[in-house]
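Q: Sequence lines, in order, name chains E and W.
So the first sequence is numbered by the working numbering: it starts at 1 and just counts up by one.
So the second sequence is numbered by the working numbering: it starts at 1001 and just counts up by one.
No wet-lab data here; the hints were simulated from the structure.
Not one of these hints is a red herring.
Stretch-level coverage of chain E by chain W, calculated; a stretch enters the list once three of its residues show a Cβ under 8 Å from a Cβ in chain W: (1) 19 to 28; (2) 41 to 54; (3) 298 to 306; (4) 324 to 330; (5) 339 to 349.
As the structure is a prediction and not an experimental result, all values here were calculated from the model.
The beta-carbon is built from N, C-alpha and C at its ideal position, and this holds for glycine as well.
Number of protein chains: 2
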Amino acid sequence: MAEALRPGSTIGILGGGQLGRMLALAAARLGLRSHIYCPDAESPAFDVAAARSVAGYDDPRALAAFAQSVDVVTYEFENVPVAAVEQLLPSVPVRPNARALAVSQDRRHEKAYLAELGIPTAAFAPFDDRPSLDRALGAIGLPAVLKTRRLGYDGKGQAVIRWADEAGAALEAMRGAPAILERRVRFTREISVIGVRGLDGRVATYDPVENVHRDGILATSTVPSRIADAVAEKACALATTLMTALDYVGVLGVELFVTGEGEEAELLVNEFAPRVHNSGHWTEDACAVSQFENHIRAIAGWPLGPTARHADAVMTNLIGAEVEGWRRLAAEPGARLHIYGKRQMRAGRKMGHVNRLAPLGYGARVRAERGPARTLALDHVLLAMPEGREAEARAFYEGLLGMPEIVKPPNLAKRGGCWFQSGASQVHLGVEKEFRPARKAHPALIVGDLAAISETLARGGHPVREDEPLPGFSRVYVDDPFGNRIELMQPDRERR
Amino acid sequence: MAEALRPGSTIGILGGGQLGRMLALAAARLGLRSHIYCPDAESPAFDVAAARSVAGYDDPRALAAFAQSVDVVTYEFENVPVAAVEQLLPSVPVRPNARALAVSQDRRHEKAYLAELGIPTAAFAPFDDRPSLDRALGAIGLPAVLKTRRLGYDGKGQAVIRWADEAGAALEAMRGAPAILERRVRFTREISVIGVRGLDGRVATYDPVENVHRDGILATSTVPSRIADAVAEKACALATTLMTALDYVGVLGVELFVTGEGEEAELLVNEFAPRVHNSGHWTEDACAVSQFENHIRAIAGWPLGPTARHADAVMTNLIGAEVEGWRRLAAEPGARLHIYGKRQMRAGRKMGHVNRLAPLGYGARVRAERGPARTLALDHVLLAMPEGREAEARAFYEGLLGMPEIVKPPNLAKRGGCWFQSGASQVHLGVEKEFRPARKAHPALIVGDLAAISETLARGGHPVREDEPLPGFSRVYVDDPFGNRIELMQPDRERR
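One chain only, chain E, in its complex shape (with noise of 0.2 Å):
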């Protein structure tokens, strides 16, 4: 503890888009100044720092003034050129360390040294010309992905071989850049693991989450992911070697392709990230203590927190026009959201996101109650009821869940009305004397099929209407036979 830095140290920060931009909201909770250095006059995180720089990665004099500027230098970005942090490091440390960022810009060495410390990844094979690319897919098999060694993210640089006469169009497509090449794994999900490393060494890790991507760019993350407590640990225990053979220090992003199901499913790395992680976003409201503010607490020699989550989680990414969904997101309470504040919206630009929770051990509890059978679920919903409707309205609501238990927190029953609670539902009637319907929405997430959900809560009510969803979610608004309008949403990779 020594070496913690005291509140009111400048965190330095190389990079400013939305991920330096929340880390530093983290420093600044814990008292920590930041000096976002980037060369884009526009990033975001300028927004939020002390101090800014405006400068090249090439630029040793900005550097220089920098490095004197700042008591610890961090970076949000995997491809900072490894010659600034060359330069800074004699004046100031640089965490995570240099070696970290380069292993991971180059695909090439981020494999061999994972292999190295035996971990799993993909068949890869490098190659130099066409013939030496043959060679290399006759090793391999198909299909296989040609991937950019150096600066690939979101699906970028990257282009897949199903058939041996697509290697030339591959090879053209990759620009004389240079490429491995990966066998293409068929994975049963993609799943990820945030892990943090303190500069005393002590290692901790967010549990793993479950990634959607689309077009390449990461939709979801999903928390507890659909995988054995076993294949956890074991992922986990991946991250931690990884971290401790690199001498790491600060948040580190490992994405895992899992094969088979259950305790039988194994892993394959994918790639690390040397920061932050788009998939970590969900622990900045079901953890106590944040990704990004673990990350801080390591890079500054603080104690690490507590990595445990309160709840479960799912994060959805917002790219693009998504974001202009913010008033609807805004007023919809379960949800949480976090926009970055960039000036220019783009196609395919990661614009913000919304984490929505569930009491802990729901996803668990829903597994286990689906089985073969389709389940209807529905979480927190909660509605008034005419006085002197409560029964039928409870008999009704019942129904629709099966066998719920009945509680009554104390916080809710001074309120009159119940709350059932059946496996993965929640729904609270409360029943008021001057009733009138609520005509606003209440929010749902469901788990089943939205169609029957909708359409039995509507029995004796309004017709369906379906609403422009979310990416990766369908949505309807329906009116239950008592007149409470309901707000259904799904996530599609729920839909059976």
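With chain E fixed as given, assemble chain W onto it according to the hints.
A: Here is chain W on its own, set in the frame of chain E:
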């Protein structure tokens, strides 16, 4: 919703202290920029804002430029000159409005305004000179307190009159500042309500909190407060009446005295602050949407966020040198640390705060359970136990806590061990194959007699060591018979 400010808009904030800082952080999360206006160049809010104006509140040119650069103006302290707001108003909306500011700036107007609304306050009387003070004392009775009409905060500008012959000295202490005379209230406890009113007139309140002041400065805020539900509802209703009467937009803090106990308790409003309030800082960690975010939502014309809490909470201010405890607080797993980044530490200055959370209903359960006899209660102790001694450890802790219920949440069951729950007490015993006694402290918030519980724990263990406590807390370290070191912390107000 037509008036809602889009993400990317700029919030102007008059005042650059910790409240402005936390407002700017909340705004950033929603993609809104902040422009801080403050005469003090070292204002902590500057460190997290996109734009800064260092200028006086009486500088017409700076105010005009500020008005041009922002989309809405708010303030973080109630002593902003009304003239400054009036200069801004033609160019930009100011929320909350100038009326709220004007009323709250003058105790005499404030009291009169509350009286007009039928909101009860302590008896008070204006006076002009010594003879009229003596007449006022005769009407109000003793003990009484002189309070300056303007610029009083944290107990400054007040003088108590216990006996008639102290009136002269008290008047002198006012140094000629206009003042009013108030009856000194013998209260059972002090509470406050944080309310918020949206641009559309919708109102929401957070649960009332119980406040403890030391040397005139807020020391702790605890939620839930020890008041009957009906009294809590009445307190929220008073805040709602006030916000509606003022046509208020934003967060407002109302401080109240509670006299008497239970359902019979009565409420007197002490004062209100037209801004986010120190006694609402717990909302940052115990609610999905904090007072800061709700203030920003309100003034930006966004829908209000939910004000429900997901946890009980104790907020403890870090005053002056108490912030030097940051290393220890950062290492306390249950403590959420906030440091304000002030460059100068001074005695009596608010430097940060800590929020400690407990499961929802904890406070109510503890109270129901305590009864006349001493109850020992540990909260969330996680212990590792040597294999083979599990039964012994279980029996020991069962004996300590009395009749526990054994529960196995799915996320803990997989790791072996067990989880005791007994009213307010939760103890998790993990069993580790390669057991090493935990020499690091396991923090636990205890309710009951600190000396007795540490004695029991240490039976057969190591001696108890008392550490420098946080203000309002006592703390001991104790080794249980299995070699685990446990840190016990107890709010002084829970001491019996």
